[in-house]
Amino acid sequence: MENLKNYSRVFIESFGIDESKLSSLKYQDIPEWDSVGHMGLVASIEEAFNIEMEIDDIIDFSSFEKGLEIVSKYKISFNE
Amino acid sequence: MNDNLANKGLSFDIAGIKKCQKNRYPLLYIDKVENVIPGKFARGIKCFSYNEWFFPAHFKKEPSVPGFIQVEALVQTFLMTFLTLSEYKGKKAMGLSWDKVKFKRTIVPGECLIIESHLVSFKRGIAKGYSVSFVDGKPACSAEFTVVIPSVLSKFNPK
Chain A
290 MENLKNYSRV
300 FIESFGIDES
310 KLSSLKYQDI
320 PEWDSVGHMG
330 LVASIEEAFN
340 IEMEIDDIID
350 FSSFEKGLEI
360 VSKYKISFNE
Chain B
367 MNDNLANKGL
377 SFDIAGIKKC
387 QKNRYPLLYI
397 DKVENVIPGK
407 FARGIKCFSY
417 NEWFFPAHFK
427 KEPSVPGFIQ
437 VEALVQTFLM
447 TFLTLSEYKG
457 KKAMGLSWDK
467 VKFKRTIVPG
477 ECLIIESHLV
487 SFKRGIAKGY
497 SVSFVDGKPA
507 CSAEFTVVIP
517 SVLSKFNPK
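Read top to bottom, the protein sequences are chains A and B. So the mapping is simple: this note's numbering equals the position in the first sequence, first residue as 1, plus 289. So the mapping is simple: this note's numbering equals the position in the second sequence, first residue as 1, plus 366.
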């Protein structure tokens with residue numbers, strides 16, 4: 290649960306979005322998640338979980354849900 | 367300047383600067399860049415003569431360099447810390463944020479601004495760093511910058 294909270298917090302702080310809108314959030318759904326916002330989001334997630342994502346994963350990171358799947362690949366569990 | 371950076375690195379005259387960045391007259395505000403260590407540091411020089419287009423307007427009786435032009439000189443020197451890397455030379459760069467801008471003195475015709483720019487991080491097309499400047503060895507303006515290279519950023523856009 291702690292990792293999920295941390296993951297959600299990064300989105301909330303990066304985009305100033307309400308938590309209730311996170312689960313369905315996709316790239317470019319909101320003006321803040323544009324190409325620049327995407328890089329800021331990726332950098333914040335890498336910092337929060339002490340990981341470094343591969344280029345293909347950054348490109349595939351197209352939604353809140355998809356991001357959970359991608360970050361899980363780096364041995365970060367969201368099912369605690 | 368940090369002693370270990372003095373008298374080291376690459377030098378660029380105006381032709382060399384124009385090969386690295388897209389700014390042009392009347393909005394190119396550095397004359398020369400020295401001690402460039404690509405990916406790390408650049409030292410820019412801008413000398414202001416009364417022939418600058420803005421002095422008659424800013425201000426008629428007390429000409430001084432407008433603040434936005436001072437900051438533009440700072441960011442243009444900052445660009446030289448990473449647009450001098452061979453894979454990024456000549457690429458279009460765009461400002462994302464200018465923070466903690468401070469002006470310590472007025473700059474008047476006949477004075478030269480010496481700018482020292484440091485690249486703190488450069489990752490996936492986003493450059494972060496800062497510039498400090500001096501006139502006659504005394505602090506002038508300073509600022510922190512985040513600048514992006516759109517063509518690099520676009521490679522990471524979700525499909």
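It cannot be assumed that every hint is accurate.
[Said to hold, decoys possible] Here are the simulated DSS-like cross-link-like pairs (lysine-lysine), alpha carbons at most 27 Å apart as the crow flies:
#1 B:374 - B:388
#2 B:406 - B:427
#3 A:315 - B:521
#4 B:470 - B:406
#5 B:384 - B:489
#6 A:310 - A:355
#7 B:494 - B:521
#8 B:466 - B:406
#9 A:364 - B:466
#10 B:521 - A:355
#11 B:455 - B:426
#12 B:398 - A:315
#13 B:489 - B:406
#14 B:525 - A:362
#15 B:388 - A:362
#16 B:521 - A:362
#17 B:525 - A:355
#18 B:458 - B:494
#19 A:315 - B:470
#20 A:355 - B:466
#21 B:504 - B:521
#22 B:388 - B:458
#23 A:310 - B:525
#24 B:398 - B:468
#25 B:426 - B:388
#26 B:374 - B:489
#27 A:364 - B:374
#28 A:364 - B:525
Just so you know, these hints were derived from the structure itself, not from any lab.
Check the hint pairing residue 315 (chain A) with residue 470 (chain B) against an upper bound of 27 Å on the C-alpha distance.
Violated: residue 315 (chain A) and residue 470 (chain B) sit about 45 Å apart, past 27 Å.
27 Å Cα cutoff - pair residue 494 (chain B), residue 521 (chain B)
Holds, because 19 Å separates the two Cα atoms, which is no more than 27 Å.
Is the Cα-Cα distance between residue 489 (chain B) and residue 406 (chain B) 27 Å or less?
Since the Cα atoms of residue 489 (chain B) and residue 406 (chain B) sit roughly 13 Å apart, the hinted pair holds (cutoff 27 Å).
Holds or violated: are the alpha carbons of residue 374 (chain B) and residue 489 (chain B) at most 27 Å from each other?
25 Å, holds
Quick one, are residue 388 (chain B) and residue 362 (chain A) close enough, alpha carbons at most 27 Å?
40 Å, violated
Are the Cα atoms of residue 364 (chain A) and residue 525 (chain B) separated by 27 Å or less?
Since the Cα atoms of residue 364 (chain A) and residue 525 (chain B) sit roughly 24 Å apart, the hinted pair holds (cutoff 27 Å).
Residue 525 (chain B) and residue 355 (chain A) were given as a pair; does the straight-line alpha-carbon distance stay at or below 27 Å?
12 Å, holds
Restraint check for residue 406 (chain B) with residue 427 (chain B), where alpha carbons must lie at most 27 Å apart
41 Å, violated
Do the alpha carbons of residue 426 (chain B) and residue 388 (chain B) lie within 27 Å of each other, as the hint requires?
31 Å, violated
Given hint residue 406 (chain B) paired with residue 466 (chain B) - CA-CA distance at most 27 Å:
20 Å, holds
Hint check: residue 310 (chain A) vs residue 355 (chain A), CA-CA at most 27 Å. Holds or violated?
Distance of about 15 Å is within 27 Å: holds.
Between residue 364 (chain A) and residue 374 (chain B), is the straight-line Cα distance small enough, at 27 Å or below?
44 Å, violated
The structure does not agree with the numbered hints 2, 9, 11, 12, 15, 19, 20, 21, 25, 27 stated previously, though it agrees with the rest.
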